[in-house]
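Participant: Sequence:
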Amino acid sequence: MDLSVVIVNYQTFELTKNTVNSILDYDYPFSFEIFVVDNASADDSLARLRDYFGDKVKFIASKQNNGFAAGNNQALRLATGKYQLLLNSDTIVWEKTLEDIYNYMESNPDVGACGCRVLLENGELDKACKRSFPNVKNSFFRLFHIPTKSKDDNYNLTDLPDDEVYEIDCLTGAFMFMRKEALDMAGFLDETFFMYGEDIDLCYRIKKSGWKIIYYGKSKITHLKGASSKKQKSKLIYEFYRAMYVYYKKHHSKESFFLVNWIVYLGIALLCVLKLFLNLFKKKS
1 MDLSVVIVNY QTFELTKNTV NSILDYDYPF SFEIFVVDNA SADDSLARLR DYFGDKVKFI
61 ASKQNNGFAA GNNQALRLAT GKYQLLLNSD TIVWEKTLED IYNYMESNPD VGACGCRVLL
121 ENGELDKACK RSFPNVKNSF FRLFHIPTKS KDDNYNLTDL PDDEVYEIDC LTGAFMFMRK
181 EALDMAGFLD ETFFMYGEDI DLCYRIKKSG WKIIYYGKSK ITHLKGASSK KQKSKLIYEF
241 YRAMYVYYKK HHSKESFFLV NWIVYLGIAL LCVLKLFLNL FKKKS
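Numbering (our numbering), first residue to last: 1 to 285.
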């Protein structure tokens with residue numbers, strides 16, 4: 001098998017159906033398999049997807065929802081592809097995207113993971129598709145929306161062109177095209193992350209294993225990112241900030257003075273509480 005595509009579904013029949021169809025709509029010069037992992041959906045989305053796709057898709061039904069990372073890992077353990085693609089269930093893959101990135105990976109054996117240009121529904125760039133690794137300084141500038149002219153502090157790499165190809169630190173988990181050899185060396189997604197942060201952590205470990213991570217801006221997907229409501233679920237807000245804590249503790253706390261660590265932990269906690277409080281006053285759209 002050349003490529004294994006992994007998609008996690010959680011009560012998103014229509015979105016997941018459209019994502020899978022955006023792959024099946026085209027022919028490819030390589031073999032591929034598609035896994036859809038259902039994260040214990042409480043609706044009938046899994047049954048409907050099975051009826052719709054039949055044996056075109058390999059389905060895995062989780063008994064409980066242990067998070068995005070755990071869901072993906074279930075399929076990664078079974079995937080046989082030389083390359084393995086993590087793909088969000090709310091994305092649309094453009095024509096030639098998979099073929100172009102497959103060819104690029106074939107021609108560049110030192111690349112462990114590759115991403116593409118990710119466009120939001122309004123056509124704007126999803127800035128998460130090309131990032132630096134977060135640290136105390138660039139996270140401070142980003143969280144408080146402080147502009148910086150320093151490339152070292154530019155977390156979202158907004159100074160780099162969107163339509164070119166170059167090495168970066170971090171991709172988005174919405175589209176991560178990985179070499180199985182690199183994934184085997186780095187290890188699967190860390191299931192300590194329920195959702196958010198697991199993509200950054202995996203990119204960090206892939207680079208630490210000696211592989212390059214590439215942003216391939218010549219190819220695109222569309223990411224229907226964000227909930228249909230302006231008001232977020234409290235759990236999502238909590239998991240976003242918990243992911244910050246988990247990532248920092250795992251990769252940076254040992255190299256920092258303990259007082260700095262406690263300041264960072266306190267800052268994350270305060271931001272989480274503030275965000276939860278402000279969210280109470282947002283109205284559903």
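Derived by calculation from the structure, the hints in this document are not laboratory data.
Honestly, I wouldn't trust all of these hints.
20 Å max Cα-Cα, derived SDA-like pairs, lysine to any residue [what the hints assert, rightly or not]:
(1) Lys-218 with Asn-122
(2) Lys-82 with Asp-100
(3) Lys-56 with Asn-122
(4) Lys-235 with Asn-279
(5) Lys-137 with Val-260
(6) Lys-58 with Tyr-28
(7) Lys-208 with Lys-250
(8) Lys-207 with Phe-188
(9) Lys-180 with Lys-282
(10) Lys-254 with Cys-272
(11) Lys-208 with Lys-235
(12) Lys-218 with Val-57
(13) Lys-250 with Ile-268
(14) Lys-282 with Lys-208
(15) Lys-56 with Tyr-104
(16) Lys-58 with Leu-15
(17) Lys-137 with Leu-280
(18) Lys-127 with Thr-80
(19) Lys-218 with Glu-167
(20) Lys-249 with Asn-279
(21) Lys-137 with Asn-122
(22) Lys-63 with Lys-180
(23) Lys-218 with Asp-163
(24) Lys-249 with Asp-163
(25) Lys-225 with Lys-235
(26) Lys-235 with Leu-280
(27) Lys-275 with Ile-237
(28) Lys-212 with Leu-280
(29) Lys-17 with Lys-82
(30) Lys-56 with Ser-22
Label pairs and their computed distance ranges (CB to CB) [as the list claims (entries may be wrong)]:
(31) Asn-135 with Lys-225: 41 to 51 Å
(32) Ile-146 with Asp-43: 16 to 26 Å
(33) Lys-225 with Gly-54: 41 to 51 Å
(34) Leu-270 with Asn-21: 20 to 30 Å
(35) Glu-164 with Ala-42: 37 to 47 Å
(36) Glu-255 with Asp-25: 22 to 32 Å
(37) Lys-250 with Asp-44: 33 to 43 Å
(38) Lys-233 with Leu-270: 30 to 40 Å
Where is the CB? At the ideal position from N, CA and C, for every residue including glycine.
Participant: Please go over all the hints and tell whether each is borne out by the structure.
Facilitator: Hint check:
1. Lys-218 with Asn-122: Holds, at roughly 19 Å.
2. Lys-82 with Asp-100: holds (16 Å)
3. Lys-56 with Asn-122: This hinted pair is violated, its Cα atoms lying about 31 Å apart.
4. Lys-235 with Asn-279: holds (11 Å)
5. Lys-137 with Val-260: holds (12 Å)
6. Lys-58 with Tyr-28: With Cα atoms ~18 Å apart, Lys-58 and Tyr-28 stay inside 20 Å; holds.
7. Lys-208 with Lys-250: It holds: about 14 Å lies between the C-alpha atoms, which stays within 20 Å.
8. Lys-207 with Phe-188: holds (14 Å)
9. Lys-180 with Lys-282: violated (43 Å)
10. Lys-254 with Cys-272: violated (23 Å)
11. Lys-208 with Lys-235: violated (31 Å)
12. Lys-218 with Val-57: At roughly 28 Å apart (the allowed maximum being 20 Å), Val-57 and Lys-218 break the hint.
13. Lys-250 with Ile-268: holds (15 Å)
14. Lys-282 with Lys-208: violated (41 Å)
15. Lys-56 with Tyr-104: Distance of about 26 Å is beyond 20 Å: violated.
16. Lys-58 with Leu-15: holds (17 Å)
17. Lys-137 with Leu-280: violated (29 Å)
18. Lys-127 with Thr-80: Answer violated: Lys-127 to Thr-80 is near 31 Å, above 20 Å.
19. Lys-218 with Glu-167: At roughly 14 Å apart (the allowed maximum being 20 Å), Glu-167 and Lys-218 satisfy the hint.
20. Lys-249 with Asn-279: Given pair Lys-249, Asn-279 is violated - Cα atoms ~26 Å apart, limit 20 Å.
21. Lys-137 with Asn-122: violated (30 Å)
22. Lys-63 with Lys-180: violated (27 Å)
23. Lys-218 with Asp-163: holds (5 Å)
24. Lys-249 with Asp-163: violated (34 Å)
25. Lys-225 with Lys-235: This hinted pair holds, its Cα atoms lying about 17 Å apart.
26. Lys-235 with Leu-280: holds (13 Å)
27. Lys-275 with Ile-237: holds (7 Å)
28. Lys-212 with Leu-280: violated (42 Å)
29. Lys-17 with Lys-82: Not satisfied, since the Cα-Cα distance of roughly 25 Å exceeds 20 Å.
30. Lys-56 with Ser-22: Holds, because 13 Å separates the two Cα atoms, which is no more than 20 Å.
31. Asn-135 with Lys-225: 41 to 51 Å: violated (24 Å)
32. Ile-146 with Asp-43: 16 to 26 Å: violated (42 Å)
33. Lys-225 with Gly-54: 41 to 51 Å: With a Cβ separation near 29 Å, Lys-225 and Gly-54 fall outside 41 to 51 Å, so the hint is violated.
34. Leu-270 with Asn-21: 20 to 30 Å: With a Cβ separation near 44 Å, Leu-270 and Asn-21 fall outside 20 to 30 Å, so the hint is violated.
35. Glu-164 with Ala-42: 37 to 47 Å: holds (43 Å)
36. Glu-255 with Asp-25: 22 to 32 Å: violated (47 Å)
37. Lys-250 with Asp-44: 33 to 43 Å: holds (38 Å)
38. Lys-233 with Leu-270: 30 to 40 Å: Check failed, 20 Å falls outside 30 to 40 Å.
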